[in-house]
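Q: If you want the building blocks of each chain, they are given just below.
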Amino acid sequence: MTLISKLTIETPSDREIVMTRVFDAPRQMLFDAFTKPELVPQWLTGRPDHTMPVCEIDLRVGGAYRYVWRGPDGFEMSSQGVFREVTPPERVVATERFEPSWYDGENVNTTIFEEAAGRTTVTLRIQCGSKEIRDTMLKSGMERGVAYSYDRLEQMLTAKAQSKAS
Amino acid sequence: MNVKDPNLNSLDSTFSALADPTRRAILARLAKGEASVLELAEPFALSQPAISKHLRVLERAGLISRSREGQRRPCRIEGHRLSEASRWLDGYRRIWEANFNRLDRLLERMKSEQKVTSERSRRSNPR
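Heads up: the sequence lines are chains F and G, in that order. Numbering-wise, the first sequence is residues 1 to 166 according to this note's numbering. Numbering-wise, the second sequence is residues 1 to 127 according to this note's numbering.
What the hints contain is simulated information worked out from the structure, not anything from laboratory work. Think of the CB as a built atom: it goes at the ideal place given N, C-alpha and C, for glycine as much as any other residue. Certain hints may be false.
Computed Cβ-Cβ distance ranges for the label pairs, DEER-style [as the list claims (entries may be wrong)]:
hint, chain 1, residue 1, chain 2, residue 2, range
1, F, Leu-59, G, Gln-114, 18 to 28 Å
2, G, Glu-42, F, Glu-114, 34 to 44 Å
3, G, Arg-76, F, Ala-116, 39 to 49 Å
4, G, Gln-114, F, Gly-71, 27 to 37 Å
5, G, Arg-109, F, Gly-62, 27 to 37 Å
6, G, Gln-114, F, Val-54, 26 to 36 Å
With the Cβ distance kept under 8 Å, some of the chain G side facing chain F (calculated, not the full set) [as the list claims (entries may be wrong)]:
hint, residue
7, Asp-12
8, Ala-19
9, Glu-97
10, Leu-106
11, Leu-107
12, Met-110
13, Lys-111
One chain only, chain G, in its complex shape (with noise of 0.2 Å):
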């Protein structure tokens, strides 16, 4: 682990957090509003315990936050967090949407350049 870059290492958590597609899908629906263990249970075909252990991967990335407060104890995303990681990914999107927005414009250059060689060839060998 990189111990030189804290910010490295707490959105460490919050990449494998973001790795498991159940995860996901409950930030997705929490990102709707909040829910309860047995609300986000119901969708998924999973147990209660099993969403829990969920809830507490997300909660240790800093991705939800859990009410302390009676039985309910709904479940809300944090999303400073969430847009953290979003920014993370986004430069390097930025890198890669330009790479492939020159290819787009190398392949229109390539389809041009292949059509005019089959029209000259059709040209040259008339049937």
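Same shape as in the complex, but just chain F (with noise of 0.2 Å):
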């Protein structure tokens, strides 16, 4: 288990994901770092030996998302949707596609972003297309659990290091 985690993930219904997270910063800055496309590369990239090389946004309604991940091995993953909402900076929903699909229809992702005493409470909510997709991306993350966690490690310890040595 988890030592301190500030994130909670739940399964609230069989077609649901929904995880909340607090962070120490003002919401105008969690909207940035969560829709800007200079931005969301520097975070947003999953296992730490992968990088995001392209990153579209076009933040209106209507307008389109892209990202494409890249693994060590070559390996390019990419997600892709529309904009359905777009309100800074409280409230995004998306629809989400992923490529090479693992399933059959999209997700409704909606961002809600809550300001508190400086704080930003981030909730970001995954209505999947089926319960088979909710599974199986639940279920992706598992098969990676193991090494990853390892390559975690390896990636606090070079982050401390380098601090240290700046």
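Two chains, each in its own frame: build the complex with the hints.
A: Given below as structure tokens:
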């Protein structure tokens, strides 16, 4: 089990994943970090050995976005969708579809930013097209889980060494 | 349903069983020790048949078992299935925790840049 985890993950229905996390920053900053193409690739990279070489975001209702992740072996995966609702700095609703697709159908992701006393709670609600999509998404984490924790440890140690050096 | 993956199928029932807040509360109670249907019904504003219905869902999902002996038939939690489900979530959690930890560091950089910018503008615009 995780030691001090600020992240909560719930599955309130068989088609949903809801994640909540508190950040020590004002919500405009969080909104920017989630929606600006120059900022998203700096954190939304999933595994530490993956990068996001492509990040296109046309932030308006009906506008499209596209993320491409690349692994060390050259494997690429992308996610793309269309914005359904854009209310800065409070709320973004967008569709999501992965390529190569693990499944048919798309998800609808709602991201809510709430600020209180200078801290921001981000709630990410993933409404999956079907229960199978939801389960496949959750399961994809487990398959990579073990190798992944070592990657992460290594990354943390590297970051520490770098901050000491600078 | 994805019939090619038996692991996925067996976890389907676990996740739908866990989706209900009353059933999660029942599991939380059982994590402290065995309890009968009556004992479980007490803290919830629910009838005994309603609790029994939840217990059947949990039993089918392999999350609890019920003793066949005696009138009391106490329920007990079956930890292995729960840990399988939480292991599942853990991998997903690790990925998102790594994302959000990187985001924390990005926010720190953004905050210090903002500070530098506002200090600069204060210096260039003295009152």
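Q: The structure should be examined with respect to each hint, and the outcome stated for every one.
A: Do the hints match the structure? See the list:
1. Leu-59/F x Gln-114/G: 18 to 28 Å: This hint holds: roughly 21 Å between Cβ atoms.
2. Glu-42/G x Glu-114/F: 34 to 44 Å: For Glu-114/F against Glu-42/G, whose Cβ atoms are near 36 Å apart, the range 34 to 44 Å holds.
3. Arg-76/G x Ala-116/F: 39 to 49 Å: Given about 41 Å between the Cβ atoms, the range holds.
4. Gln-114/G x Gly-71/F: 27 to 37 Å: holds (33 Å)
5. Arg-109/G x Gly-62/F: 27 to 37 Å: About 32 Å separates the Cβ atoms of Arg-109/G and Gly-62/F, which means 27 to 37 Å holds.
6. Gln-114/G x Val-54/F: 26 to 36 Å: Cβ of Gln-114/G to Cβ of Val-54/F: about 27 Å, so the range 26 to 36 Å holds.
7. Asp-12: holds (6 Å)
8. Ala-19: With a closest approach of 6 Å, the Ala-19/G hint holds.
9. Glu-97: Hint on Glu-97/G: holds, closest Cβ of chain F at ~5 Å, below 8 Å.
10. Leu-106: holds (5 Å)
11. Leu-107: holds (4 Å)
12. Met-110: holds (5 Å)
13. Lys-111: holds (6 Å)
In this structure, every one of the numbered hints holds.
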